[in-house]
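J.: Sequence:
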Amino acid sequence: LVANADIAMYQAKASGRNGWHIYSPEEQDRERTHERVYWNEKVKEALSTDSLGVAFQPIQNIEEGKLSHFEALLRVSDEEGRPLPTFKFIQSAEASGLIQEVDLRIVDKVLAYKQELERRGIAAVFAINLSGISFRNPNLYDEISQKLKHFGVNPQEIIFEITETSAVEDAVTTAEKMRDIKKLGCKFALDDFGVGFSSLYHIKQLPIDLVKIDGSFIRHLASEAEDRALVKAVVEVSKVFGLTTVAEFVENQEILDILRELGVDYAQGYHISKPEPFDSIWGAAISKDGAASAD
Numbered sequence: 005l006v007a008n009a010d011i012a013m014y015q016a017k018a019s020g021r022n023g024w025h026i027y028s029p030e031e032q033d034r035e036r037t038h039e040r041v042y043w044n045e046k047v048k049e050a051l052s053t054d055s056l057g058v059a060f061q062p063i064q065n066i067e068e069g070k071l072s073h074f075e076a077l078l079r080v081s082d083e084e085g086r087p088l089p090t091f092k093f094i095q096s097a098e099a100s101g102l103i104q105e106v107d108l109r110i111v112d113k114v115l116a117y118k119q120e121l122e123r124r125g126i127a128a129v130f131a132i133n134l135s136g137i138s139f140r141n142p143n144l145y146d147e148i149s150q151k152l153k154h155f156g157v158n159p160q161e162i163i164f165e166i167t168e169t170s171a172v173e174d175a176v177t178t179a180e181k182m183r184d185i186k187k188l189g190c191k192f193a194l195d196d197f198g199v200g201f202s203s204l205y206h207i208k209q210l211p212i213d214l215v216k217i218d219g220s221f222i223r224h225l226a227s228e229a230e231d232r233a234l235v236k237a238v239v240e241v242s243k244v245f246g247l248t249t250v251a252e253f254v255e256n257q258e259i260l261d262i263l264r265e266l267g268v269d270y271a272q273g274y275h276i277s278k279p280e281p282f283d284s285i286w287g288a289a290i291s292k293d294g295a296a297s298a299d
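Note that the working numbering has the sequence shown beginning at 5, numbered continuously upward.
Derived from the structure by calculation, the hints contain no laboratory data. Since we're looking at a predicted model, the values are computed, not measured.
Here are the computed lysine-lysine pairs in the BS3-like style, where the Cα-Cα straight-line distance is at most 25 Å:
1) Lys153 to Lys187
2) Lys113 to Lys278
3) Lys70 to Lys292
4) Lys92 to Lys46
5) Lys48 to Lys113
6) Lys186 to Lys243
7) Lys186 to Lys151
8) Lys46 to Lys113
9) Lys48 to Lys151
10) Lys243 to Lys70
11) Lys92 to Lys48
12) Lys186 to Lys153
13) Lys292 to Lys113
14) Lys208 to Lys187
15) Lys236 to Lys70
16) Lys151 to Lys113
Beta-carbon label-pair distances, calculated as ranges:
17) Lys187 to Lys278: 30 to 36 Å
18) Thr169 to Lys92: 14 to 20 Å
19) Glu49 to Gly189: 33 to 39 Å
20) Ala226 to Lys187: 38 to 44 Å
Where is the CB? At the ideal position from N, CA and C, for every residue including glycine.
Kindly generate the complete structure, drawing on both the sequences and the hints.
T.: Below, the structure is given as structure tokens:
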């Protein structure tokens with residue numbers, strides 16, 4: 005009801021001052037249709053112009069206090085270079101089925117960056133997100149295998165992340181494809197862990213290497229005993245299965261200290277670092293290496 009009232013309010017404002025407007029369901033349908041068309045066009049445009057961007061968010065080894073690996077995050081912009089909401093972009097890409105192409109384009113970009121670093125002797129482990137819809141692609145294994153061979157990078161330093169809810173849509177098929185891809189040397193992380201159904205069951209059934217604890221259980225660790233108990237349980241179960249744990253949305257030192265006490269292996273969030281473009285992280289090292297080679 006409130007959402008419908010908002011639609012009527014904005015329509016009244018658009019008509020000028022001291023006006024009024026009566027909401028109709030048809031208007032909401034038009035709004036939704038317009039939004040779907042808008043974002044679908046943005047996805048197609050980004051693919052046709054190859055304008056998908058990537059930012060990298062560092063993930064820290066909590067015990068060592070050193071950076072362990074980097075999650076590659078999709079970034080998209082409009083014609084003026086202003087950032088667009090990534091969530092809406094991905095949502096539209098999934099609804100249209102274009103997410104499979106988006107995922108593969110991002111794999112290409114990340115592997116190209118990885119190749120450049122390896123050529124210069126710079127070590128870096130990258131985590132790349134794959135939509136659950138991409139696992140419906142019968143050629144997913146072949147696509148990833150070919151890309152790894154094309155770029156010639158170390159597959160053991162590539163982690164693919166899949167959300168828990170996506171992984172269980174067709175758990176049997178997804179698990180089979182994950183096992184095939186792991187044979188190439190890659191690893192898998194189960195993202196947003198804890199928000200899906202029968203979470204602990206998935207730890208046993210899916211061929212994963214890392215468990216990423218959903219940020220909703222991390223944000224209030226300092227004040228919520230229930231969240232601390234849940235995180236501790238995830239850590240203990242993960243250790244039984246030989247899995248490492250990553251905490252998302254780590255926003256301050258207090259949370260990081262609690263995670264260390266609970267035995268969580270890795271931390272990711274703005275307290276560690278915000279996502280950064282490739283050049284902001286490695287540009288100086290590459291330039292220095294290039295200058296040394298020229299000398």
